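Engineer: Each chain, letter by letter, is given below.
Protein chains: 2
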Amino acid sequence: MNQVTFNIEGMHCEACARTIRALLETEPGVKSVDVSFDPGTARILFDPNAANEARLKSRIEKPGYRVVDRAERP
Amino acid sequence: MNQVTFNIEGMHCEACARTIRALLETEPGVKSVDVSFDPGTARILFDPNAANEARLKSRIEKPGYRVVDRAERP
Numbered sequence: 001m002n003q004v005t006f007n008i009e010g011m012h013c014e015a016c017a018r019t020i021r022a023l024l025e026t027e028p029g030v031k032s033v034d035v036s037f038d039p040g041t042a043r044i045l046f047d048p049n050a051a052n053e054a055r056l057k058s059r060i061e062k063p064g065y066r067v068v069d070r071a072e073r074p
Numbered sequence: 001m002n003q004v005t006f007n008i009e010g011m012h013c014e015a016c017a018r019t020i021r022a023l024l025e026t027e028p029g030v031k032s033v034d035v036s037f038d039p040g041t042a043r044i045l046f047d048p049n050a051a052n053e054a055r056l057k058s059r060i061e062k063p064g065y066r067v068v069d070r071a072e073r074p
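In order, the protein sequences belong to chains A and B.
Under UniProt numbering, think of the first position of the first sequence as 1, with each following residue one higher.
Under UniProt numbering, think of the first position of the second sequence as 1, with each following residue one higher.
Bound conformation, chain A alone (with noise of 0.2 Å):
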C-alpha cells in the first residue's frame, strides 16, 4: 500500500474538502482518503497495482484546485 498527501490549492472551504474526499474515493484502488480544508491537503491511502498518484492528481485538478505540492508521508 502506498501513501502520499498532497499540497492543494483553491479549497474555499469544509464543504469543498467533503466533496474532494467522495471523489478520492470513487477512484479504483483508493483505500482511505483524509481531506483537510486548513491546511489544504489530501492525504491518501492507495493500492499501487490499481491506482497511481497521477490519476489521483488528475481526479483533484478535474474541478479546478491545483496540486501544488507532494510528499509520501504526512
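You may find that some hints are simply not true.
Because identical chains cannot be distinguished in the list, a pair is counted as satisfied if it fits within a single copy or across any two copies.
As the list claims (entries may be wrong) - The calculated EDC-like cross-link candidates involving lysine to aspartate or glutamate, where the alpha carbons are at most 16 Å apart (straight line), are:
| id | residue 1 | residue 2 |
| --- | --- | --- |
| 1 | Lys62 | Asp38 |
| 2 | Lys57 | Glu27 |
| 3 | Lys62 | Glu25 |
| 4 | Lys31 | Asp69 |
| 5 | Lys62 | Asp34 |
| 6 | Lys62 | Glu14 |
| 7 | Lys57 | Asp38 |
| 8 | Lys57 | Glu14 |
| 9 | Lys62 | Glu72 |
| 10 | Lys31 | Glu9 |
Keep in mind that the hints were calculated from the coordinates and are not lab data.
Nothing here was measured: the structure is a model prediction, and the numbers come from that model.
Following the hints, complete the assembly by docking chain B onto the known chain A.
Structural biologist: Only chain B this time, still in chain A's reference frame:
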C-alpha cells in the same frame, strides 16, 4: 435518456458546484451534468439502463449536501 434536476442545499461556493459535477461525472451512465451554486441545482442527463435517480442522489448526499426536491425538467 432521462433528465432530472435536483435542488441541493449545502453548497457554499462555486468550487463546491464544480466538485459535485466531477463527482457525478464518475457515475456510470451519466451523460452530462450542469451544477449551479446559485440557485443550488444539479441538472443531470443519464441513461436509465445504467444509472438511476436514487444512486445519483446518494452520490450528492455522501459529502453532506442535501437533495431537497427534484423535477424532471429544469
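Engineer: For every hint, state whether the structure bears it out.
Structural biologist: Evaluation of the provided hints:
1. Lys62 <-> Asp38: neither (20 Å within a copy, 21 Å between copies)
2. Lys57 <-> Glu27: Classified as within; 11 Å inside a copy, 19 Å across copies.
3. Lys62 <-> Glu25: both (15 Å within a copy, 11 Å between copies)
4. Lys31 <-> Asp69: Neither: 21 Å inside a chain and 33 Å across chains, both beyond 16 Å.
5. Lys62 <-> Asp34: between (18 Å within a copy, 15 Å between copies)
6. Lys62 <-> Glu14: Cα proximity of Lys62 and Glu14: across copies only (14 Å, versus 18 Å in one copy).
7. Lys57 <-> Asp38: For Lys57 and Asp38, the Cα distance exceeds 16 Å both inside one copy (19 Å) and across copies (28 Å).
8. Lys57 <-> Glu14: neither (19 Å within a copy, 20 Å between copies)
9. Lys62 <-> Glu72: Cα proximity of Lys62 and Glu72: none, with 22 Å in one copy and 28 Å across.
10. Lys31 <-> Glu9: Classified as neither: same-chain Cα gap 23 Å, cross-chain 29 Å, threshold 16 Å.
Checked against the numbered hints above, the structure breaks hints 1, 4, 7, 8, 9, 10 and satisfies the rest.
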